[in-house]
Amino acid sequence: MLNKTAKLLTGLAAGLLTVTALSGAAFAQSVNLTYLIPSGPENQVIADEVVKAFEAANPDINVDIETRPGGSEGDNLIKTRLATGAMADVFLYNSGSLFQAINPQQFLVDLTNEPWQADVQASFKPVVTAPDGTIRGAPARAAMAGGIYYNKKIYAELGLSVPKTWAEFMANNEKIKAAGKVAVIQTYGDTWTSQLFVLADFYNVQAKDPNFAERYTANEAKFATDPAALRGFEKLQEAHDAGLFNEDFGAAKYDDGIRMLALGEGAHYPMLSFATTALVQAYPDNIQDIGFFAQPGDEAELNGLTVWMPDGVYIAQTTPNLDAAKKFVAFIASPEGCDAQTRAGGASGPYLINGCTLPADVPPAVSDLLPYFAEGGQNGPALEFLSPIKGPALEQITVEVGSGIRPAADGAALYDEDVRKQAQQLGLPGW
Amino acid sequence: MTALSEAGAAVSPGAPRAIRRSPYPGWFFLPAALIYGILFLVPTLASLYFSLTRWTLFNSTFIGLDNFAQFFREPFLIQGLVNTVIYAVVTSGLKVVLGMMLALLLTSAVMARGYLRSVVFFPVLVSTVGVGITFTVLMHPTQGMINETLALFGIKGPGWLVDPKLALLSVALVDVWKGVGLATVIYIAGIVAIPKDYYEAARIDGATKWQNFLYVTLPLSRPATATVITLSFIGGLRTFDLIWAMTRGGPGFSSDTIASVIYKQYQAGFYGLSTAGNVVLFVLIAILVVPLTMLLNRRQGHE
Amino acid sequence: MTKLSSRLIGVAAILVSAVVFLVPFAFIIITAFKDKQQAALLDFTWPNGFHLWSNIVEVVTTRNWMMVTAFINSTILTVASVTLLVIFAAMVGFVLARRKTRFNGLIEFLILAGLMIPPAVVPTIWLLQGIGLFGKLHGLILIEVAYGLPFSIILYRAFIATIPRELDEAAIIDGARPLDVFFRVILPLLWPVTVTNIVVQSVGVFNDFTNPLYYLPGNANATVQLTLYNFQSQFNTSYNLLFTNILLITIPPLLVFLFFNRHIVAGMTAGAVKG
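Protein chains in written order, with this note's numbering: chain F, 631 to 1061; chain R, 20 to 322; chain Y, 1140 to 1414.
In isolation and in its complexed conformation, chain F is listed as follows (with noise of 0.2 Å):
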């Protein structure tokens, strides 16, 4: 009864009604959970292997991860995007003073009373509680240091040695220089590598004057009159007044930073740790010739490693999945997490959740890290983990003057303008 055309449509209608139905009963099942991450080559890997291990330990959930541009652009793209509630379910992203500046209390789930908190070291909980006391993060990485990672073989033709201040270690860039090679390595095309020299000198700084922190954020201290702290702002000057740079530094991305560093072409790559898994993704074979040592003060009994705490793993209150957000960040805070990402990354420094631990054979870089934190060693903490002030322009100021456009003294001028401005955001008493 039915004419061809009917038949068709019928069978057509019932077949779509099924797939609905089985794709229906299929999405019901399964959880998407979006994580958003930095761009750049070592955040993909260790991304992609945690979530393999997640997603095989719990086959009802699915994490779609993905990526936002790192440095001062990332921090905005992440408060604009929870301002106005389009974040993804879980995110990574620093912890200390950026952490402060996203609003944590508005914004992110409350962790205090996860089962998994009694694992975590006690050095890290500060740096990701909010101003009421709750803790609202996870570590997501390894502890990282600020400091220079090193080409060995140059130092070997070169008969070099690790330096212990500063006046050693422009020693060694003349002889790099002469010999030409490029002595320091420098990476402006992505902005946010620029600040290295002033950030990790803050071990240096608190050895000097070691309340400078509560007084900066008291509105006591500045970089620009403080001789300590404008050592950095002066040691990056210094490096450009003495043309120790790559040619292209200007538009040199970290990913050029890093080869250059690894195939030998440069000697000295100011850089975060973290740097050392991109490293062994990249360049394998090299990566034995690459070792790590702390930005150096001006007296050799001082020198000690900045520090930075690893970065957090944070769940958005506007997430719709928030139990398995949860699940998620409790398998990142287990050893199961952190066997994921030395899986895929290697180790690039010390765990901070009880039970993970580094395996044997780590790269020198790593190895190079520890003695840092071993007995006699020195080890401080960056300044954006002990005050939660950080202009947002500093990555722009350090270009400035890392490229010879403006001094030190004024650099360091304008990024004190530039706190006062966040400060007063804030809403902190005293500005």
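Source of the hints: derived by calculation from the structure; they are not laboratory data. Computed from a predicted structure; not experimentally measured. Treat the hints with care, since some could be wrong.
[To be verified] Derived list of chain R stretches under chain F, where covered just means 3 residues or more per stretch with a C-beta under 8 Å from a C-beta of chain F: (1) 92–104; (2) 166–172; (3) 226–232; (4) 270–283; (5) 288–294.
[Unchecked claim] Cut-off 25 Å, straight-line C-alpha distance, at most; resulting in silico cross-link-like pairs (DSS-like, lysine-lysine): (6) F/Lys794 - F/Lys807; (7) F/Lys755 - F/Lys811; (8) F/Lys852 - F/Lys838; (9) Y/Lys1142 - R/Lys215; (10) R/Lys215 - F/Lys807; (11) F/Lys956 - F/Lys682; (12) F/Lys783 - F/Lys755; (13) F/Lys783 - F/Lys794; (14) F/Lys811 - R/Lys215; (15) F/Lys883 - Y/Lys1142; (16) R/Lys184 - F/Lys883; (17) F/Lys883 - R/Lys175; (18) F/Lys682 - F/Lys807; (19) Y/Lys1142 - R/Lys228; (20) F/Lys782 - F/Lys755.
For every residue, glycine included, the Cβ atom is placed at its ideal position computed from N, Cα and C.
We have chain F; now place chains R and Y onto it with these hints.
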């Protein structure tokens, strides 16, 4: 709004008694007026208030002229102001001059005129972000094609986008590359509209090509010139896309314009300061463009 | 001018225009054909092998087919905002040209202001959040309409002035209501300038980067320009993919150019020269 609809309800004089309402009802303005009023006029007026506050989008504290004081105190904010004017002058100047030259060429009996007109105009239609990315790659100081080509001739190419003295101008050049086609097309229309009699008269008077240009073409294409100057100057003052796609205002702050400063302050969460930047841009445009338009139109009036 | 020197100028013009205007596009195309390693060299060599298709596939499927979503969003944005623009601007232009009320001066001033005054972005975000339109595509559609109204109204007003009033009056005598007069008599006659307006506004909205950047944060409803910009960090060193993306984005304007070249030129210059 109410006044308009009342006016619309009035019967237009002279219309036949059968028609009660005017065929040009005031409520025709309504949809456009609503959208424009709410989404453009209200924020503009609100910006005048919020620029005087420290704002977190949720609450605002009145701080008077502090934001503006900040704006004019910080070297990189002033730099943005200066850069904006330089950029606008350079791009509109080049577009006027090059646009006129190209228009003269493309209205003469040169061969492959159709191809040339198309090729000059096509960049106008292409995505600004795409153009920005492409030229950033071409302008890379060591690996970019421009410098590699110059190296073939033994010239050491400058750091187009990394030299702080050059960055703004490099972006301006790309802006001109992209926008000169529009200026050219407007000029072509202007030139083509000049009645042939003028050229006839000039020919009879024995004018040279240069005199032709100076005394016939140039004066009679004044409306086109006015349009090109006004459009490209306003566009130059408000420029953001290309700068953001190519340098993000860098290196450092050397290629920041007010629009990118507004965006950066917004990104950093300094909403009051960002809005103050908007007000500064608004005032800047008003101060520069209104006299400019009056100047251009008055000269036209004298013709 | 001798035939030879004008020939030389012609040849020179063709060569120079090719180098200045065509080489960048050639670079985009060539790089889109390369694989990742060769593209990273950023030079103008001939690609070793035809990787365009695999590049396109990779770009389109990145991040869960984000480019497809972006194209859909951009299309919806462009079509919806241009449609509304045409209708609303024509309505205003019509009444503005025909009726002389005492408000005409004010309206003209507001329109001119709209051409000059830069939109106050942060207050607009605050307003949109208040109305609940922030971060939504329909919010951006209304924004594009608001920002595009001044130019469109001016275009229509100038053109309607050339349509004789007698046509309106004839229709009215035949008993037409205002809406009929507008949609049945006037709007069809406005077709030439409507085409120009559609083309110009479509290209403008499609290529718009700033407004989506401010008003559509969040990846679910990004437009193609925003996606290209975001993919810069995604395709960090994969220049072949980045340029394939640029190539894909250039196709719609190219199509517009091929079909509508004459209209754009004619319409814009008509409006521009009349001032």
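Structure-based check of all given hints:
{"no.": "1", "hint": "92–104", "result": "holds (count 4)"}
{"no.": "2", "hint": "166–172", "result": "violated (count 0)"}
{"no.": "3", "hint": "226–232", "result": "violated (count 0)"}
{"no.": "4", "hint": "270–283", "result": "holds (count 5)"}
{"no.": "5", "hint": "288–294", "result": "holds (count 3)"}
{"no.": "6", "hint": "F/Lys794 - F/Lys807", "result": "holds, 19 Å"}
{"no.": "7", "hint": "F/Lys755 - F/Lys811", "result": "violated, 43 Å"}
{"no.": "8", "hint": "F/Lys852 - F/Lys838", "result": "holds, 14 Å"}
{"no.": "9", "hint": "Y/Lys1142 - R/Lys215", "result": "holds, 23 Å"}
{"no.": "10", "hint": "R/Lys215 - F/Lys807", "result": "violated, 70 Å"}
{"no.": "11", "hint": "F/Lys956 - F/Lys682", "result": "holds, 17 Å"}
{"no.": "12", "hint": "F/Lys783 - F/Lys755", "result": "violated, 39 Å"}
{"no.": "13", "hint": "F/Lys783 - F/Lys794", "result": "holds, 19 Å"}
{"no.": "14", "hint": "F/Lys811 - R/Lys215", "result": "violated, 68 Å"}
{"no.": "15", "hint": "F/Lys883 - Y/Lys1142", "result": "violated, 53 Å"}
{"no.": "16", "hint": "R/Lys184 - F/Lys883", "result": "holds, 21 Å"}
{"no.": "17", "hint": "F/Lys883 - R/Lys175", "result": "holds, 22 Å"}
{"no.": "18", "hint": "F/Lys682 - F/Lys807", "result": "violated, 45 Å"}
{"no.": "19", "hint": "Y/Lys1142 - R/Lys228", "result": "holds, 16 Å"}
{"no.": "20", "hint": "F/Lys782 - F/Lys755", "result": "violated, 36 Å"}
Hints 2, 3, 7, 10, 12, 14, 15, 18 and 20 from the list above are not met by this structure, while the remaining hints are.
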